[in-house]
Amino acid sequence: MTWDFLLREFASQFGLWYAIVPGILIGIVVGALPGFSAQNTLIILLPLTLAVPVHTALAFMIALYCATHLAGGIPAILVKIPGTGGAAATTIDGYPMTQKGQAQHALVLCFTASVFGGLISTVVTLGLLPWLSKVGLYLRSVEMVVVMLFGLTLIAVIAAKDLLKGLIAGLFGLLIGVIGTDHIYNTPRATFGFLELYDGVPLVPALIGLFAISEALVMIESKMIVRKEGRARAADAHWADTVEGLRMAASKWWHIVWTSFVGLFIGIIPGAGASIAAFVAYQQSRMWSKHPELYGTGIPEGVIAPESANNGVTSGTLVPMMALGVPGGSTAAVMMIVLQYQGIVLGPRLFTTNPEIAYGVFISMAVAYVFMLFTILPLARYMSRIVLIETNYLVPVIMLMTTVAAFAGRQYQFDMALALVFGVIGYIAHKTDYHVTAILIGVILGPLFEEYLVRSLRISEGQLSILFSSTIANTLWALLVVSLALPLVRVWLKRRAET
Amino acid sequence: MSTSQTPGTKVPLGADLLIPVLALALAVYFFVSIADLSWEAKANGMLIGSALVVLSAVQLVRVGVKVWAGAASLGLDRLLLPREVLAKRIGMVALTALFIASMNWLGLTLAVFLATMAALALMGVRRRSQLFWTPFGVSAAAYVMFVAILDSQFPHGPVEMLLARLF
Chain A
1 MTWDFLLREF ASQFGLWYAI VPGILIGIVV GALPGFSAQN TLIILLPLTL
51 AVPVHTALAF MIALYCATHL AGGIPAILVK IPGTGGAAAT TIDGYPMTQK
101 GQAQHALVLC FTASVFGGLI STVVTLGLLP WLSKVGLYLR SVEMVVVMLF
151 GLTLIAVIAA KDLLKGLIAG LFGLLIGVIG TDHIYNTPRA TFGFLELYDG
201 VPLVPALIGL FAISEALVMI ESKMIVRKEG RARAADAHWA DTVEGLRMAA
251 SKWWHIVWTS FVGLFIGIIP GAGASIAAFV AYQQSRMWSK HPELYGTGIP
301 EGVIAPESAN NGVTSGTLVP MMALGVPGGS TAAVMMIVLQ YQGIVLGPRL
351 FTTNPEIAYG VFISMAVAYV FMLFTILPLA RYMSRIVLIE TNYLVPVIML
401 MTTVAAFAGR QYQFDMALAL VFGVIGYIAH KTDYHVTAIL IGVILGPLFE
451 EYLVRSLRIS EGQLSILFSS TIANTLWALL VVSLALPLVR VWLKRRAET
Chain B
1001 MSTSQTPGTK VPLGADLLIP VLALALAVYF FVSIADLSWE AKANGMLIGS
1051 ALVVLSAVQL VRVGVKVWAG AASLGLDRLL LPREVLAKRI GMVALTALFI
1101 ASMNWLGLTL AVFLATMAAL ALMGVRRRSQ LFWTPFGVSA AAYVMFVAIL
1151 DSQFPHGPVE MLLARLF
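First to last, the sequence lines map onto chains A and B.
Numbering of the first sequence is given in this note's numbering, commencing with residue 1 and proceeding in unit increments.
Numbering of the second sequence is given in this note's numbering, commencing with residue 1001 and proceeding in unit increments.
Extracted from the complex, chain B is given alone in its bound form:
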């Protein structure tokens, strides 16, 4: 990242703090949740959590010093760039969350079909034949593998019910 910086610009290091902040938050939550427990239940979490707090603090200070010295900023460019695919990336995460939530109503096969179709459209696929046949192939594979062969306990929807009556 720093190599691509032009002289005078600040290196965006804000994203470098996200994992330490998450780690710190987990460690603090862990400490709170084990406060009243016996030492056997505490020992490991205390040991790992303390080391994690120290290392995360060092990283925070390291970045803080660079920001203080004017060599770095707290920008999140490393996560957000390139901006033109940001919408796709957020869209894919949102779509996957929606896919998980909708599976209870739609069942595995239909949810996979619709989510794949939406994801392909989101990724820029516009040809109608591909928007139909690719999701069809993926959802068929999901049905055959997870429902027909492995008999996993996925939520059943209209497609599974129809196929169960037919076969």
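This is chain A alone, in the form it adopts within the complex:
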């Protein structure tokens, strides 16, 4: 990667403004709408992203993804309802600022922390990518088997409320991902007699069902997204003191920098995501503060820390996807599907075979953040009104349009029915705390896992001991065991302390 390459890529990304600006605008709307998320929207728009050139699709998806992370803070600040899980920590100090009449300050702090937090982490990621891609080259089939199990385990441990349920969800997804013909002899396995499953379970219907349809089925419970008091507050949101907010953000620049690093490093861990990053950053910010007692009363640092961190996550989440071919989260999984559909093979070799894609993703992200700074501030005042849309209208549109979108990938009506089946499974998983992300990541990793496992086993003539034959693999196994054991130890210690 040379400066010439970087500058050329930056220039070409700016040329994709016609994809970036709509991506930002849609992302802002979606991010501010509780119950909606980047991955749901990307699923709805999947036919569009599959139809346009891969660079344009990437620029659009990245812009939308980053904008949702930013916009989740808007309803969190104005009506104490986080638009996304990553903005949940923003409510702690953002809403008290609104109650104190500083809503506009809080919004400007949220926007500037998000934009600069995201920008800083993206630039750092770009700097680290060459190193990360080389690390990826040391991973052979044996190590990749453990890496995939490790990623799945981390998602189960961190994202799910219950370790056992998380593991069941992940393995369930992994087994669903194995449905179809095997890689060596092309013999069908567990296809339920459907020819449409011979190529394996299609990812698009799985994605649509597990996220969009299941979410719509849950959304039916609330007649309106916002409660009555929230509705009144959202209607009253007005524009004021933007410059003062910017000044406050500038005076806390160091806070933005270090909390964005928290987001970046947590984002690299598959499954950790923005919610965890935001809470960790908030907790760290309070821990290192000279006045921790003021947190929760409506102070700027309490808005900056979670917002900077949850946007710092955006680039981190994409690192394992680009460098290892393992999606770091659900939105990354959607992007991975689009890239795979376009024939892009993710993983260490991407950096030599398609450097303009490998680096372009992060350059596109940096450019999206620059665009965002100029588009979001003037729009802030009007965004809060989005939370007033009734679920009576949202649920039918989500259910039907996403079902239609399931058809677009392979043009099979069977895939629409499959999406509905996954929707029901996703709804059950949602309601019973079996994490849908773990199921989806399992479905995605299933075929890859089998490919690497069978390749390893063929080398060793069927001996499972090959999975413990290298130092890297053994280190990863040890980390996997530790990550599984830690929550159990924590529970045991807690119980012991209680008795």
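None of these hints come from the bench; they were simulated from the model.
Among these hints, one or two may not hold up.
As the list claims (entries may be wrong) - The calculated lysine-lysine pairs, modelled on PhoX-like cross-linking and capped at a C-alpha distance of 25 Å, are:
#, chain 1, residue 1, chain 2, residue 2
1, A, Lys-223, B, Lys-1088
2, A, Lys-100, A, Lys-290
3, A, Lys-100, A, Lys-252
4, B, Lys-1088, B, Lys-1042
5, A, Lys-252, A, Lys-290
6, A, Lys-494, B, Lys-1066
As the list claims (entries may be wrong) - Label-pair distances were calculated between CB atoms; the ranges are:
#, chain 1, residue 1, chain 2, residue 2, range
7, A, Val-491, B, Ala-1035, 48 to 56 Å
8, A, Ala-485, B, Ala-1087, 41 to 49 Å
9, A, Ala-11, B, Ile-1149, 22 to 30 Å
Note that CB positions come from ideal geometry on N, CA and C, so glycine has one too.
We have chain A; now place chain B onto it with these hints.
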């Protein structure tokens, strides 16, 4: 869930068993379907399936112990509550299934229009203007995006045929 329980009432954990039961069923079906295959085709399914069987069994035992001890029941409340929206939820799933099945005869645009109208009515929308214009907007968007722009191979019905003659 358990936090909202009043003392003496049992925590309904029946719904917690649905995913493990589905997983177990899939694993068993997988084992049966790969019984006669070569080891390369079996290895992965056996490995994942076995782990899944063990974990699902642990979950079944965990819930079973709580039910045995009288602390939990096999109720499906977590899935079914609140009861007042249960009909809407089942209705939406049934309507979506009907929508998929009817698309072959109605075509994409008309199927989306009618299904959106029915779904809005099911969700409690009663104003006639909204019952017409919202489905009209949604179906128009579906036609423009999937038929006119993306040229997807959706089943064509009367609306698509009429518009194809006009344009």
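Going down the list of hints, with the structure as the test:
Distance restraint check for Lys-223/A and Lys-1088/B: the Cα-Cα separation of roughly 12 Å lies within the 25 Å cut-off, and the hinted pair is therefore satisfied. With a C-alpha separation of about 22 Å, the suggested pair Lys-100/A and Lys-290/A falls inside the 25 Å cut-off, and the hint holds. Restraint check for Lys-100/A and Lys-252/A: the C-alpha separation of about 20 Å stays at or below 25 Å, so the hint holds. A hinted pair counts as satisfied when its Cα atoms are at most 25 Å apart, and Lys-1088/B with Lys-1042/B does not qualify at roughly 43 Å.
Our distance criterion of 25 Å between C-alpha atoms is met by Lys-252/A and Lys-290/A, whose separation comes to about 14 Å. Between Lys-494/A and Lys-1066/B, the direct Cα distance comes to roughly 21 Å. Compliance with the 25 Å bound is thereby established for this hinted pair. Take Val-491/A and Ala-1035/B: their Cβ atoms lie about 39 Å apart, and the range 48 to 56 Å is violated. In this structure the supplied range 41 to 49 Å holds for Ala-485/A paired with Ala-1087/B, their Cβ-Cβ distance being about 46 Å.
Hint check: Ala-11/A to Ile-1149/B, Cβ distance near 29 Å, so the stated range 22 to 30 Å holds.
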